[in-house]
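Engineer: If you're matching them up, the sequences are chains A and B in order. Our numbering runs 84 ahead of the 1-based position in the first sequence. Our numbering runs 84 ahead of the 1-based position in the second sequence.
I should point out that these hints are in silico values taken from the structure, not numbers from a laboratory. Fair warning: there could be bad hints in the mix.
When chains are identical, the list treats them as one kind, so a pair holds in a single copy or across two.
Claimed, not checked - When the alpha-carbon atoms are kept at most 25 Å apart in a straight line, the in silico DSS-like pairs for lysine-lysine are as follows: (1) 536 / 582; (2) 368 / 307; (3) 178 / 148; (4) 315 / 373; (5) 536 / 171; (6) 273 / 426; (7) 373 / 218; (8) 307 / 462.
Protein chains: 2
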Amino acid sequence: LMSKFPSKNISDRFLQKNNSLDEKGRLAGQKNLLSCDNSDRDARFRLTETDFSNLFARDLLPAKNGEEPTIQFLLEMVDILTNYVKKTFDRSTKVLDFHHPHQLLEGMEGFNLELSDQPESLEQILVDCRDTLKYGVRTGHPRFFNQLSSGLDIIGLAGEWLTSTANTNMFTYEIAPVFVLMEQLTLKKMREMIGWPDGEGDGIFSPGGAISNMYSVMIARYKYFPEVKTKGMSAAPRLVLFTSEHSHYSIKKAGAALGFGTENVILLSTDERGRVIPADLEAKIIDAKQKGYVPLFVNATAGSTVYGAFDPINEIADICEKYNLWLHVDGAWGGGLLMSRKHRHKLNGVERANSVTWNPHKMMGVPLQCSAILVREKGILAGCNSMCAGYLFQPDKQYDVTYDTGDKAIQCGRHVDIFKFWLMWKAKGTIGFEQHIDKCLDLSQYLYNKIKNREGYEMVFDGVPQHTNVCFWYIPPSLRGMPAGEERREKLHRVAPKIKAMMMESGTTMVGYQPQGNKVNFFRMVVSNPAATQSDIDFLIDEIERMARDL
Amino acid sequence: LMSKFPSKNISDRFLQKNNSLDEKGRLAGQKNLLSCDNSDRDARFRLTETDFSNLFARDLLPAKNGEEPTIQFLLEMVDILTNYVKKTFDRSTKVLDFHHPHQLLEGMEGFNLELSDQPESLEQILVDCRDTLKYGVRTGHPRFFNQLSSGLDIIGLAGEWLTSTANTNMFTYEIAPVFVLMEQLTLKKMREMIGWPDGEGDGIFSPGGAISNMYSVMIARYKYFPEVKTKGMSAAPRLVLFTSEHSHYSIKKAGAALGFGTENVILLSTDERGRVIPADLEAKIIDAKQKGYVPLFVNATAGSTVYGAFDPINEIADICEKYNLWLHVDGAWGGGLLMSRKHRHKLNGVERANSVTWNPHKMMGVPLQCSAILVREKGILAGCNSMCAGYLFQPDKQYDVTYDTGDKAIQCGRHVDIFKFWLMWKAKGTIGFEQHIDKCLDLSQYLYNKIKNREGYEMVFDGVPQHTNVCFWYIPPSLRGMPAGEERREKLHRVAPKIKAMMMESGTTMVGYQPQGNKVNFFRMVVSNPAATQSDIDFLIDEIERMARDL
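Kindly generate the complete structure, drawing on both the sequences and the hints.
Structural biologist: Below is the structure:
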């Protein structure tokens, strides 16, 4: 249709009205309210008032005459999405409109999750999209603090829209030339920030930090016992892995999946701030060796999930060097601090690691998913994982096939996670990430200063948090006079869940809670959302106190 | 700004012009060329001619007065994307504009992949987005046949745009209530189509077929040797896995990663069509047992990567039952045929499998990534993978926490892959998928009929292909008189790469090639693109013959 109605004026944007968009109507019934032209570039999109109730998926491209309904359908979707984006940043909008599973399953008014044999009209599809957003959670809302990943970065969002439109796959240069190169350049930049000479090394983007951590264990095993690749774990002695009791559970999951067994994942004791005690690592290495086990791998966490603790990497690296162990740094959460001149010292020693996990989708605000595993030794990922599938990785292509990176992965097809991140880096510059990170840490410190001596609050650990994690109990008035003991513990354990439930029911804010070790349920506040301000921190505290008044 | 300029007329769509969008200009310099209103719904988006050369990421939301530039920036991106979509379906557009890695790395005119400390203007960002698409590959183009995943489904695309706008994570109902339920319902529907009673069982969407296959091996091991989870592979005897020599390399990758070792992945012989010979499976099971190994797992491929072969599942299932082995069906490519009443018989016996991999992002045209692992036994995924992380999976939430499915996964964070698929199913109905699949198989048969007796073509295997894979050699005129032998083999081996290189340089079409076993390079044509027609098949054949004229 675009070619049938060439536009005439200075801009090609215009508006059409067409309430009965049947096959004939699409061709004949259009009135150009505004018709524009901009001859040195592609035609701009045109907005039509379209009746989607008689249109179906089959009427869209590649259908004959499908172009106009396709564009109109996509624009209608964009209308829904841009309204969602605006409201997400509007503090008068709720963070969520909570419903129980059975309520959503029974079907809300006009919103039925069941699938059927027959197609729905595009009008219903658009309604379904609105409802999907309505009953979801606004993770970009300035008062959403529930997860390490929060915020809605506009550049990253645009990048994801482009990525899904390009709809390609990372396995070969052949079908993802630009994205493969972007990944390569970005990984090199990240390795430079880690401090590896000239940014040399290896790496790949993976579907999340758990998989990145799994990679680190796999390549450590391959480095020391390459025969396991062909002969299995029985070709190796009893191997043990070390990680902090505060570390992410994905190290244990990797131990289970890769055939080490969770019993061979040895948990290290931490100080009161949740940081590994290096002497405990060394003691446990010696103990394992005395039992005849073979220590293989140490994970140092840079930014633990709950406390935001940074293990002392340099001291751990000394021990790893002494005993010839693989040192992995899980910086899924804390890696972003490498972008900050003020805070990167918390990862001092990371340049001594053999591998590093770093999730830009957490502290750096990149949309989900975006996680990198970075490796100091070049070629080891391919050595560990390559299977040389002839149908994908032909050696006789006309281009330099060293850019076909798919065989390094444990995946075959691999989603394009790089573009949004690359685009954000272009758009913000390194200094933009730095400013974001510094601001989030400042906000956390604001919260810490606000509550550390405030009536009704107890901090889970003393001192300024290392990351944006602020962990605290709120003690409702009824518990304040109660003596320490099991009764108070039990009552306090139930406070955070109750407040959280009220928050979700009222939809005003969201923050996480959990127990840790022998500590009963406490709130874990984290800030990674660029939309959050001091007023949102104040709001959170006010909400907690308001809701807990009668507990 | 939307609130400062409330709209007045019947529709809220209008157009504004504002060439100098500085802070003042945004507030004062706007002229409403059309201003509309639709009071019972959200305000429609407004199009402004915006100067992005002085705007930066920091001017977008959550910045003060960031709403208007945010919407304009997103609309500008949508303009780029909708133009890309239109051209993708336009056969006068090239499939790709090929450049070598060093060319793109050196920087094309105005397109520089390097990242820097300082931010780029939004104008440059938009240019970068146009260039990213320009130098990429149009995987939705009607003449892109290079991969099992092709096509650009508009509903799926809209679904991905929404998914990235919602930007949440699948681990808990708490932050993905709608998506978690959609996943549950869709997995149940898929299990019903497999034929498991009442669609009961388990499953999860994973980041691709390789990971889904890895899950199947993990859960098989957990089923028979649950102690491996805690004690590692040394707690089990020497376990062996069986899969066809034509099967996907991910089974071997899983064997390597999970600690079995690739030598314990035993390859099964196939008939001339690439289908497993059941007697060979039984012989190899007996052989393994005689050596003292323990057969654990058999993978039957439903739709092999190169030949599109379907292993005889029922006969394999008989053997698995006899020897008490886990039967996995890798239907990453062929699973979609379950949606077709005409073709689903090719998977007869799949209901006897213990687990099934099925990638809607392949034959069903769902955008990347969308892969499911489906399991007949309920609860086994959680048993195998759960680590009960307190900070995510609190038992004391106010809702039914059995909907918190994250602990079943080997991932922690998990991308929302379900929505686009659910939305496509709603929009097309089961019959829409069926029509798509039947059409693709018809097109393949059209190609097969066209070339099977055509001069210059040799089929790699005889008979009508089972899936859309048509494998053939093109014999250039200069080789047609040559006697069989090593010289002809060597020359023929170089034909497909040369034609492919010419295709890519000219950008007119793309199709894959590879060797297989002792067969020299041949073309593997596959059809999964809903935009492809008979004329595109004809075009491909014409192109091959045109390019090979002088070889």
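Engineer: If a hint holds in the structure, say so; if it does not, say that too.
Structural biologist: Hint check:
Within a single copy, residue 536 and residue 582 get their C-alpha atoms as close as 22 Å, which meets the 25 Å cut-off; across copies the closest is 70 Å, which misses it. Taking the shortest alpha-carbon separations for residue 368 and residue 307, only the intra-copy value of 22 Å comes in at or below 25 Å, while the best inter-copy value is 32 Å. Proximity of residue 178 and residue 148 under a CA criterion of 25 Å is satisfied inter-copy only: 20 Å between copies versus 43 Å inside one chain copy. Both within a single protomer and between protomers do residue 315 and residue 373 lie at most 25 Å apart by alpha-carbon distance, with minima of 23 Å and 17 Å respectively.
Proximity of residue 536 and residue 171 under a CA criterion of 25 Å is satisfied in neither setting, with 33 Å inside one chain copy and 59 Å between copies. In this assembly of identical chains, the alpha carbons of residue 273 and residue 426 lie at most 25 Å apart only when taken from the same copy (19 Å versus 52 Å across copies). Taking identical chains as interchangeable, the C-alpha atoms of residue 373 and residue 218 are never at most 25 Å apart, the minima being 56 Å within one chain and 57 Å between chains. For the homomeric pair residue 307 and residue 462, the shortest alpha-carbon distance inside one copy (12 Å) is at most 25 Å, but the shortest distance between copies (37 Å) is not.
Violated hints, in rising order: 5, 7; the structure is consistent with all others.
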